[in-house]
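Residues per chain are reported as follows:
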Amino acid sequence: MKPLLFDNIDEPGLNTLAVYERRGGYNALRKALQMPPAAIVQELSDSGLRGRGGAGFRMGQKASFLPKDMFPKYLACNADESEPGTFKDREIMQKSPHMLLEGLLITTYGAGINEAFIYIRGEYQLQGDILEAAMAEATRAGYIGENILGSGHNVSVVLHRGAGAYICGEETALLDSLEGKRGNPRLKPPFPAVEGLYDRPTLINNVETLATVPTIINMGGKEYATIGTETSTGTKLVSVSGDVQRPGNYEVALGIPSRELIYGLAGGPPEGREIKMWFPGGSSSPVLTGSDADLDLAYDFDTMAKAGTMLGSGAVIVIDDSHTVLEVMRKVAKFYAHESCGKCVPCREGTNWTVKMIDRIESGEATPMDLDLMASIQTHIIGNCLCVLGDAMAMPIGSMVEKFRPELEQEIEAARERAGAALMSDVIPIGVTDPVF
Amino acid sequence: MSVTPRANVPRFAHGSRVPGWDDEVDLTKPPATVPDPAVTEVPDELRTEIEAAMAKYPDRRSAAIPALHAAQQLHGWCSPEAIAQVATVMRVTPAYLTSVASFYDMFAMAPKPKHDVYVCTNITCSLLGADELHEAFLELARIDTDLNVCSFECLGACDIGPMASVNGEYVGPLTIEDVPQIGADLRAGRTVLEHKQLRYRATADPNARGSDAQR
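Protein chains in written order, with our numbering: chain Y, 1 to 437; chain E, 1 to 215.
So that you can see chain Y by itself, here it is in the shape it has in the complex:
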């Protein structure tokens, strides 16, 4: 398969307008501006492109939700890439920023939007600078501004740098942050397509989703839909990291066997090591094991959902057998506890108590009953908050307790012995001060 987004991505100077245009850049924008806006949305729907940020919602459908007769409308590009394990948007913005801009401009034309914002995480300083330079070049060349390429379409683009908060990648928290507030998620509905930025209809798309748009316009939506599987069309950038020999971003057609991704492209775990588990879609996705059944799963949205996990942002984190499950659990739980914005109680308390329970295991205070408690806490978080940050901790933690229970029980026993606490057979119920046997 010829890469679509990553075609010769490492070509020097691809971040400049001259090289991008020499390779046929901005031709898709020219083509799009000759079409009626509704035809653009139709092409996006035909392509079957699903959002690449994590939720996998169909992009054409999302764009069609925007009311036609309300102005102003906004486009917010979500470049707050902070899902642990994900680094694909960084690569696009750093190496081919004009591809993102071109997709963004086509989308604004299709959806009848005149103001676009790119919310980039504050830590991406280099990528922000490159994007800013690309925006200046595109403005000088007449791609951004008033009456672009004589089409009568006006568009302004603003780069907004965040300041370090995972939650701002959540779409409604991103909007609050863009409005200059603390990044707290909002209650849905109303959905952003109806009431978003400054209470106006807002379309929110991930960097990779927008960067795919020029390809779809160039090749036609129906043609694009022939790549990948029937319900997961096209190619996906997959960030493979962790215990693999060749970590990096790989562009694959959706539906390839996961084994091909982990062993074939990324080189598999280091010599002499076996895969213990892997996250198929960032740290928010329930884990899969190193079993043949899991490794043979096709890497696409629906197969992952059927296997009880999700494709998410397309970040594969591989963990080999030199690490304990507890170690991974602690990292996951601590991360979400730190990043919880604190607005909803189940998430704020649930994440913190999960960390405390994991610390109890390590300090030798826990019993296997704590594993049940931990699993039950996760069920109290899921679906009970404004956004899915709490769920994003609950799902992987729940799956680790379920899939690695024997190992966790051994850990508990070993930790109790280390701490000199009573062995499991001698445990007395909490609250009993004077046991009579």
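Just so you know, the hints here were simulated from the structure itself, not pulled from any lab data. Even glycine gets a Cβ: it sits at the ideal position worked out from N, Cα and C. Possibly wrong hints are sitting among the right ones.
[What the hints assert, rightly or not] Pairs of lysine to any residue, SDA-like flavour, derived with a Cα cap of 20 Å:
(1) Y:Lys181 / E:Ser79
(2) Y:Lys343 / E:Ala32
(3) Y:Lys343 / E:Ala52
(4) Y:Lys356 / Y:Glu411
(5) E:Lys56 / Y:Pro72
(6) E:Lys56 / Y:Lys356
(7) Y:Lys356 / Y:His380
(8) Y:Lys68 / Y:His153
(9) Y:Lys181 / E:Ala32
(10) E:Lys56 / Y:Asn154
(11) Y:Lys181 / E:Met109
(12) E:Lys56 / Y:Gly142
(13) Y:Lys343 / E:Thr98
(14) E:Lys56 / Y:His380
(15) Y:Lys181 / E:Tyr104
(16) E:Lys56 / Y:Glu179
(17) Y:Lys181 / E:Ala52
(18) Y:Lys181 / E:Arg61
(19) Y:Lys68 / Y:Lys181
(20) Y:Lys403 / Y:Val252
(21) E:Lys56 / Y:Phe65
(22) E:Lys114 / E:His75
(23) Y:Lys181 / E:His69
(24) Y:Lys68 / Y:Ala39
(25) E:Lys56 / Y:Gly290
(26) Y:Lys181 / E:Lys56
(27) E:Lys114 / Y:Pro72
[What the hints assert, rightly or not] Stretch-level coverage of chain E by chain Y, calculated; a stretch enters the list once three of its residues show a Cβ under 8 Å from a Cβ in chain Y:
(28) 47-59
(29) 62-68
(30) 118-132
(31) 163-169
[Unchecked claim] Partner residues aside, some chain E positions facing chain Y, computed with beta carbon under 10 Å:
(32) Val92
(33) Tyr96
(34) Phe107
(35) Ala110
(36) Phe152
(37) Gly156
(38) Ala157
(39) Cys158
(40) Arg187
Got chain Y; can you put chain E on it based on the hints?
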């Protein structure tokens, strides 16, 4: 049957994780209002930068984060003075800006050393030894007081893990031996560990982890 006493294990201290949660406050004091431009002096370049940021958005409050970035750049941290200056230009209360600044990890609410070293300690990086790396940086920071070492959440560069962002420049994969070199580079004002900077890395480098990558 004898019962072994429960081991004495460390527990969480009572209260919030957020520093300053138990600081004393004077509840009788009236809240600070929007500062008076006649008495609050704002450096010209800061004022220009904030006004330019405000002009970019339909609502001026959207400029809060860019304005705080600019003020922190100038003052070194989000000091009460810095907050007051931003509040003067943006015509908002200092409390509003404090609420925003305290939410985001990149804004310092207390004086900090000048060189930021964010060590990623999230899943991928910690699998590859980020916790030891963080320790080594902390060790260095004990001698070199110009280093602001923080353990940071996923910085989006797991392909070069374990990694760190040194004054915004991503470097990795790092080993413990790189730590003194980074300190020396910072002291000398040189570009940091140039051969390990992310900006020069190819997308999927077959030799990312040395020659043993051949399969």
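Each hint, compared with the structure:
no., hint, verdict
1, Y:Lys181 / E:Ser79, "holds, 19 Å"
2, Y:Lys343 / E:Ala32, "violated, 25 Å"
3, Y:Lys343 / E:Ala52, "violated, 32 Å"
4, Y:Lys356 / Y:Glu411, "holds, 16 Å"
5, E:Lys56 / Y:Pro72, "holds, 15 Å"
6, E:Lys56 / Y:Lys356, "violated, 44 Å"
7, Y:Lys356 / Y:His380, "holds, 17 Å"
8, Y:Lys68 / Y:His153, "holds, 15 Å"
9, Y:Lys181 / E:Ala32, "holds, 19 Å"
10, E:Lys56 / Y:Asn154, "holds, 16 Å"
11, Y:Lys181 / E:Met109, "holds, 17 Å"
12, E:Lys56 / Y:Gly142, "holds, 19 Å"
13, Y:Lys343 / E:Thr98, "holds, 18 Å"
14, E:Lys56 / Y:His380, "violated, 42 Å"
15, Y:Lys181 / E:Tyr104, "holds, 10 Å"
16, E:Lys56 / Y:Glu179, "holds, 12 Å"
17, Y:Lys181 / E:Ala52, "holds, 19 Å"
18, Y:Lys181 / E:Arg61, "holds, 8 Å"
19, Y:Lys68 / Y:Lys181, "violated, 28 Å"
20, Y:Lys403 / Y:Val252, "violated, 28 Å"
21, E:Lys56 / Y:Phe65, "violated, 27 Å"
22, E:Lys114 / E:His75, "holds, 10 Å"
23, Y:Lys181 / E:His69, "holds, 14 Å"
24, Y:Lys68 / Y:Ala39, "holds, 14 Å"
25, E:Lys56 / Y:Gly290, "violated, 50 Å"
26, Y:Lys181 / E:Lys56, "holds, 16 Å"
27, E:Lys114 / Y:Pro72, "violated, 42 Å"
28, 47-59, "holds (count 4)"
29, 62-68, "holds (count 6)"
30, 118-132, "holds (count 8)"
31, 163-169, "holds (count 3)"
32, Val92, "holds, 9 Å"
33, Tyr96, "holds, 9 Å"
34, Phe107, "holds, 6 Å"
35, Ala110, "violated, 16 Å"
36, Phe152, "holds, 8 Å"
37, Gly156, "holds, 5 Å"
38, Ala157, "holds, 6 Å"
39, Cys158, "holds, 3 Å"
40, Arg187, "violated, 21 Å"
Of the numbered hints given earlier, the model fails hints 2, 3, 6, 14, 19, 20, 21, 25, 27, 35 and 40; all others are met.
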